[in-house]
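Enquirer: Sequence:
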Amino acid sequence: MTQKLDLGQWLTKQQASEAIGVSSKTVEKLATEGKLQSAKRPQPGRPDAAVYHPDDVQRAAEERRKQPGAFVVQRAVSELPEALPERFSKPMGEFYQHAAEALREVFRKPSQTLFLSVKEASEVTGLTQRYIHEQIEQGTLQAIQDGRRTRIRRKDLEEL
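Just so you know, my numbering puts 16 at position 16 of the sequence shown, and the rest follows in order with no gaps.
These aren't lab readings, by the way, just hints derived from the structure by calculation.
All the pointers check out, no bait thrown in.
Simulated crosslink set (EDC-like; lysine to aspartate or glutamate; CA at most 20 angstroms straight-line):
(1) Lys66 with Asp55
(2) Lys29 with Asp56
(3) Lys13 with Glu28
(4) Lys40 with Glu28
Taking CB as the label site, the calculated pair distances span:
(5) Leu103 with Thr26: 42 to 50 angstroms
(6) Asp55 with Thr26: 15 to 23 angstroms
(7) Ala102 with Lys25: 42 to 50 angstroms
(8) Glu62 with Pro42: 25 to 33 angstroms
(9) Gln9 with Glu62: 12 to 20 angstroms
(10) Lys29 with Ala99: 46 to 54 angstroms
Idealized CB from N, CA, C, for every residue including glycine.
When you get a sec, could you build the whole thing from the sequences and use the hints?
Expert: Given below as structure tokens:
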């Protein structure tokens with residue numbers, strides 16, 4: 001003979017998710033994995049409510065809170081240097097100067113692509129996209145169709 005459980009003290013899905021600190025979907029997943037004992041509590045005039053054993057919920061909440069702390073390496077005050085080494089005490093201006101030079105070098109180099117889109121051609125020449133399309137339609141500027149995209153050879157654009 002089976003013994004009837006007293007489901008009155010069991011927690012609803014919402015209560016369990018708040019106690020553990022997870023979403024209701026995670027509570028369902030924990031129950032499916034067998035980490036939470038679940039049952040259906042009858043409710044007159046409404047569908048049965050899913051409820052979860054309070055001890056299992058408490059255990060899951062404690063496991064969730066047992067997360068490792070931050071990894072911190074502590075040094076004794078006597079081990080700290082009196083002053084920073086020479087290489088760290090120089091102004092950051094030197095670093096920024098090198099970074100700026102590297103960026104200038106990157107932007108100085110022209111794009112190595114052979115063909116440009118109409119938008120890219122417009123950006124390179126400073127002409128409007130409409131004007132470039134008109135030149136293509138008139139035959140003044142040669143272009144090719146790459147699928148649905150129009151491509152212009154960089155050399156032809158320079159001769160325009």
